[in-house]
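Protein chains: 2
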Amino acid sequence: MADKIDVMILCGGSATDLPVQTPKMASLFNVVDSFDTHARIPEHFANVDAVASQSQKTAVISVGWDPGMFSLNRLYAGAILPDGKDYTFWGKGVSQGHSDAIRRVDGVADARQYTVPVQEALDAVRSGSNPDLTTRQKHTRECFVVAKEGADLKKIEEEIVNMPNYFADYDTTVTFITQEELDKNHKGIPHGGFVIRSGKTGFNKENNHIIEYSLKLDSNPEFTSSVLVAYARAAVRMNKMGMTGCKTVLDVPPAYLSALDDYTLRKTLL
Amino acid sequence: MADKIDVMILCGGSATDLPVQTPKMASLFNVVDSFDTHARIPEHFANVDAVASQSQKTAVISVGWDPGMFSLNRLYAGAILPDGKDYTFWGKGVSQGHSDAIRRVDGVADARQYTVPVQEALDAVRSGSNPDLTTRQKHTRECFVVAKEGADLKKIEEEIVNMPNYFADYDTTVTFITQEELDKNHKGIPHGGFVIRSGKTGFNKENNHIIEYSLKLDSNPEFTSSVLVAYARAAVRMNKMGMTGCKTVLDVPPAYLSALDDYTLRKTLL
Numbered sequence: 000m001a002d003k004i005d006v007m008i009l010c011g012g013s014a015t016d017l018p019v020q021t022p023k024m025a026s027l028f029n030v031v032d033s034f035d036t037h038a039r040i041p042e043h044f045a046n047v048d049a050v051a052s053q054s055q056k057t058a059v060i061s062v063g064w065d066p067g068m069f070s071l072n073r074l075y076a077g078a079i080l081p082d083g084k085d086y087t088f089w090g091k092g093v094s095q096g097h098s099d100a101i102r103r104v105d106g107v108a109d110a111r112q113y114t115v116p117v118q119e120a121l122d123a124v125r126s127g128s129n130p131d132l133t134t135r136q137k138h139t140r141e142c143f144v145v146a147k148e149g150a151d152l153k154k155i156e157e158e159i160v161n162m163p164n165y166f167a168d169y170d171t172t173v174t175f176i177t178q179e180e181l182d183k184n185h186k187g188i189p190h191g192g193f194v195i196r197s198g199k200t201g202f203n204k205e206n207n208h209i210i211e212y213s214l215k216l217d218s219n220p221e222f223t224s225s226v227l228v229a230y231a232r233a234a235v236r237m238n239k240m241g242m243t244g245c246k247t248v249l250d251v252p253p254a255y256l257s258a259l260d261d262y263t264l265r266k267t268l269l
Numbered sequence: 000m001a002d003k004i005d006v007m008i009l010c011g012g013s014a015t016d017l018p019v020q021t022p023k024m025a026s027l028f029n030v031v032d033s034f035d036t037h038a039r040i041p042e043h044f045a046n047v048d049a050v051a052s053q054s055q056k057t058a059v060i061s062v063g064w065d066p067g068m069f070s071l072n073r074l075y076a077g078a079i080l081p082d083g084k085d086y087t088f089w090g091k092g093v094s095q096g097h098s099d100a101i102r103r104v105d106g107v108a109d110a111r112q113y114t115v116p117v118q119e120a121l122d123a124v125r126s127g128s129n130p131d132l133t134t135r136q137k138h139t140r141e142c143f144v145v146a147k148e149g150a151d152l153k154k155i156e157e158e159i160v161n162m163p164n165y166f167a168d169y170d171t172t173v174t175f176i177t178q179e180e181l182d183k184n185h186k187g188i189p190h191g192g193f194v195i196r197s198g199k200t201g202f203n204k205e206n207n208h209i210i211e212y213s214l215k216l217d218s219n220p221e222f223t224s225s226v227l228v229a230y231a232r233a234a235v236r237m238n239k240m241g242m243t244g245c246k247t248v249l250d251v252p253p254a255y256l257s258a259l260d261d262y263t264l265r266k267t268l269l
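In the order they appear, the protein sequences are chains W and A. For reference, each letter of the first sequence is one residue, going 0 to 269 in numbering that gives the first Met the number 0. For reference, each letter of the second sequence is one residue, going 0 to 269 in numbering that gives the first Met the number 0.
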């Protein structure tokens with residue numbers, strides 16, 4: 000099938016699936032993946048690049064919104080306003096990792112965790128004051144928990160709010176609800192967030208500029224897959240242009256994402 | 000000097016300067032220009048491309064924020080959410096063209112005009128309701144006018160608010176102030192705006208997504224020049240890679256804008 004498939008979209012997990020699957024598939028096909036473990040991107044890039052350079056395929060890794068669209072916006076904003084500061088906020092949205100962590104607490108039947116950006120922190124950043132913000136000042140964590148019958152609610156709450164890495168560094172609220180309430184009111188997987196750069200220009204740095212990119216998504220997986228599809232189109236075009244090897248969203252010429260031809264883009268969008 | 004200059008940044012007017020200067024300079028140098036007459040971009044592109052393709056130089060035209068960063072955001076958002084609708088709002092900011100138009104009214108000594116997006120329209124777009132908005136519903140125009148001594152204020156106001164193309168299609172307010180007030184409170188050239196795409200996904204289009212990009216600029220010319228400088232860096236790199244001819248922001252690989260190398264970008268920004 001290697002000559003019949005333009006591009007493969009790989010949506011496996013970043014922990015153990017994609018580190019194996021993406022290099023393997025890139026030996027035969029153009030690929031796009033959603034690898035999202037930020038700290039391991041250089042290593043994943045090197046592994047995929049070795050294969051794709053050899054096979055003359057195009058492999059675009061770490062596509063989605065963060066890494067992905069948020070990364071792009073950090074890049075553009077930083078290149079335009081070098082004398083400035085970046086802020087990334089996530090939410091309001093469901094963190095599946097944090098929801099899972101709560102479900103592993105003794106006495107918990109089900110749970111849903113929302114990451115919520117702190118409005119005062121957003122306002123301070125938008126004011127151009129370039130604040131230094133701690134983890135606790137940027138986001139709060141809201142947990143909706145269904146306890147098993149007879150469970151010790153006080154103990155569950157304490158275990159959650161003091162959980163290292165996940166909750167201890169945040170102001171965390173725990174609200175106990177019924178399974179029916181959870182199914183009814185917390186079924187969706189919304190997410191989103193903000194990338195804001197605040198920077199100065201002028202002989203005396205007297206002018207401030209705010210560049211803000213934000214997403215408000217009803218469905219995190221459906222939006223992420225929409226980004227992957229757009230980059231799949233780009234991967235095929237880049238391959239036809241001889242741009243082979245491993246790439247990221249930072250390397251892809253924007254026009255390659257669009258179904259419209261270059262002339263129409265210039266005429267209607269520019 | 001053709002071998003000593005990496006790139007020329009052309010900041011002339013779009014009406015008569017750049018249509019002549021950009022092709023002329025592109026015969027000898029890599030260039031970046033700020034051509035911003037949207038309707039004439041295809042024609043300008045063709046003229047510049049003919050020269051730059053011949054000279055093997057790279058010419059990036061229509062760089063700034065609209066056209067420019069706003070165009071890029073319309074492209075990215077539309078490619079990701081094909082089933083959706085774009086909205087561009089400008090302001091709050093000073094429109095130099097509209098301020099000039101007021102200054103030409105009989106009896107006017109000086110003037111400053113602000114374009115202001117209508118909050119209710121922004122809110123409606125952000126709600127995901129995909130409203131159809133008229134010109135009048137999207138923006139208002141606020142005029143601060145210094146009248147000459149003895150001028151007929153009522154007549155000035157009527158002439159402004161009924162001026163075709165500039166004001167007749169908008170809700171326009173005229174406030175008469177003194178030259179001192181204008182110099183003190185309306186000296187800056189702030190601008191900005193919003194590009195918002197609202198789009199649907201899901202088997203039954205049941206999920207809505209909002210992508211929003213916004214700028215809040217203390218100085219329109221200083222921000223625009225900051226964008227030009229970043230694209231000047233990219234133009235030189237593209238030329239070294241053999242990407243010659245006329246280009247727009249839609250063609251430039253994002254990483255080319257940054258002073259950081261690709262490895263560092265992947266490690267720190269992605």
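Please keep in mind that the hints were generated in silico from the structure rather than gathered at the bench. Be careful, since some hints might not be right.
Copies of the same chain are indistinguishable here, so a pair counts whether it falls within one copy or spans any two.
In silico EDC-like cross-links for lysine to aspartate or glutamate, where the CA-CA straight-line distance does not exceed 20 Å [claimed, not checked]:
| id | residue 1 | residue 2 |
| --- | --- | --- |
| 1 | K199 | E221 |
| 2 | K239 | D85 |
| 3 | K23 | D65 |
| 4 | K154 | D170 |
| 5 | K266 | D48 |
| 6 | K84 | D48 |
| 7 | K239 | D35 |
| 8 | K23 | E141 |
| 9 | K91 | D122 |
| 10 | K239 | D250 |
| 11 | K153 | D35 |
| 12 | K204 | D48 |
| 13 | K199 | E180 |
| 14 | K266 | D250 |
| 15 | K239 | D182 |
| 16 | K84 | E148 |
| 17 | K23 | D99 |
| 18 | K84 | D5 |
| 19 | K204 | E119 |
| 20 | K204 | D217 |
| 21 | K23 | D5 |
| 22 | K186 | D48 |
| 23 | K199 | E157 |
| 24 | K239 | D99 |
| 25 | K215 | D82 |
Evaluation of the provided hints:
1. Only between protomers do K199 and E221 lie at most 20 Å apart by alpha-carbon distance; the minimum there is 10 Å, versus 37 Å within a single protomer.
2. Proximity of K239 and D85 under a CA criterion of 20 Å is satisfied in neither setting, with 35 Å inside one chain copy and 30 Å between copies.
3. With identical chains, the CA atoms of K23 and D65 are never at most 20 Å apart, being 24 Å at best within one copy and 43 Å at best between copies.
4. When the C-alpha separation of K154 and D170 is checked against a cutoff of 20 Å, the pair qualifies only within one copy, where the shortest distance is 17 Å, while the shortest distance between copies is 60 Å.
5. Proximity of K266 and D48 under a CA criterion of 20 Å is satisfied inter-copy only: 15 Å between copies versus 36 Å inside one chain copy.
6. For the homomeric pair K84 and D48, neither the shortest alpha-carbon distance inside one copy (31 Å) nor that between copies (37 Å) is at most 20 Å.
7. Taking the shortest Cα distances, K239 and D35 never come within 20 Å of each other, neither inside one copy (27 Å) nor across copies (32 Å).
8. For the identical chains of this complex, K23 and E141 are neighbours neither inside a copy (40 Å) nor across copies (61 Å), given an alpha-carbon limit of 20 Å.
9. Proximity of K91 to D122 under the C-alpha cut-off of 20 Å is found in both arrangements, the shortest distances being 15 Å within a copy and 18 Å between copies.
10. Within a single copy, K239 and D250 get their C-alpha atoms as close as 15 Å, and across copies as close as 16 Å, so both meet the 20 Å cut-off.
11. Taking the shortest alpha-carbon separations for K153 and D35, neither the intra-copy value of 35 Å nor the inter-copy value of 63 Å comes in at or below 20 Å.
12. Taking the shortest Cα distances, K204 and D48 never come within 20 Å of each other, neither inside one copy (42 Å) nor across copies (37 Å).
13. Taking the closest pair of Cα atoms, K199 and E180 never come within 20 Å of each other, the shortest separation being 48 Å inside a single copy and 26 Å across copies.
14. For a Cα distance limit of 20 Å, the shortest separation of K266 from D250 across copies, 14 Å, qualifies, whereas the shortest one inside one copy, 24 Å, does not.
15. Proximity of K239 and D182 under a CA criterion of 20 Å is satisfied in neither setting, with 47 Å inside one chain copy and 57 Å between copies.
16. Taking the closest pair of Cα atoms, K84 and E148 never come within 20 Å of each other, the shortest separation being 49 Å inside a single copy and 48 Å across copies.
17. Neither within a single protomer nor between protomers do K23 and D99 lie at most 20 Å apart by alpha-carbon distance, with minima of 30 Å and 62 Å respectively.
18. Within a single copy, K84 and D5 get their C-alpha atoms no closer than 40 Å, and across copies no closer than 29 Å, so neither meets the 20 Å cut-off.
19. For the identical chains of this complex, K204 and E119 are neighbours neither inside a copy (25 Å) nor across copies (34 Å), given an alpha-carbon limit of 20 Å.
20. Taking the shortest alpha-carbon separations for K204 and D217, only the inter-copy value of 11 Å comes in at or below 20 Å, while the best intra-copy value is 39 Å.
21. When the C-alpha separation of K23 and D5 is checked against a cutoff of 20 Å, the pair qualifies only within one copy, where the shortest distance is 16 Å, while the shortest distance between copies is 42 Å.
22. Within a single copy, K186 and D48 get their C-alpha atoms no closer than 39 Å, and across copies no closer than 53 Å, so neither meets the 20 Å cut-off.
23. Neither within a single protomer nor between protomers do K199 and E157 lie at most 20 Å apart by alpha-carbon distance, with minima of 44 Å and 40 Å respectively.
24. Taking the closest pair of Cα atoms, K239 and D99 never come within 20 Å of each other, the shortest separation being 42 Å inside a single copy and 49 Å across copies.
25. In this assembly of identical chains, K215 and D82 lie within 20 Å of each other by CA distance solely across copies; the values are 16 Å between and 28 Å within a copy.
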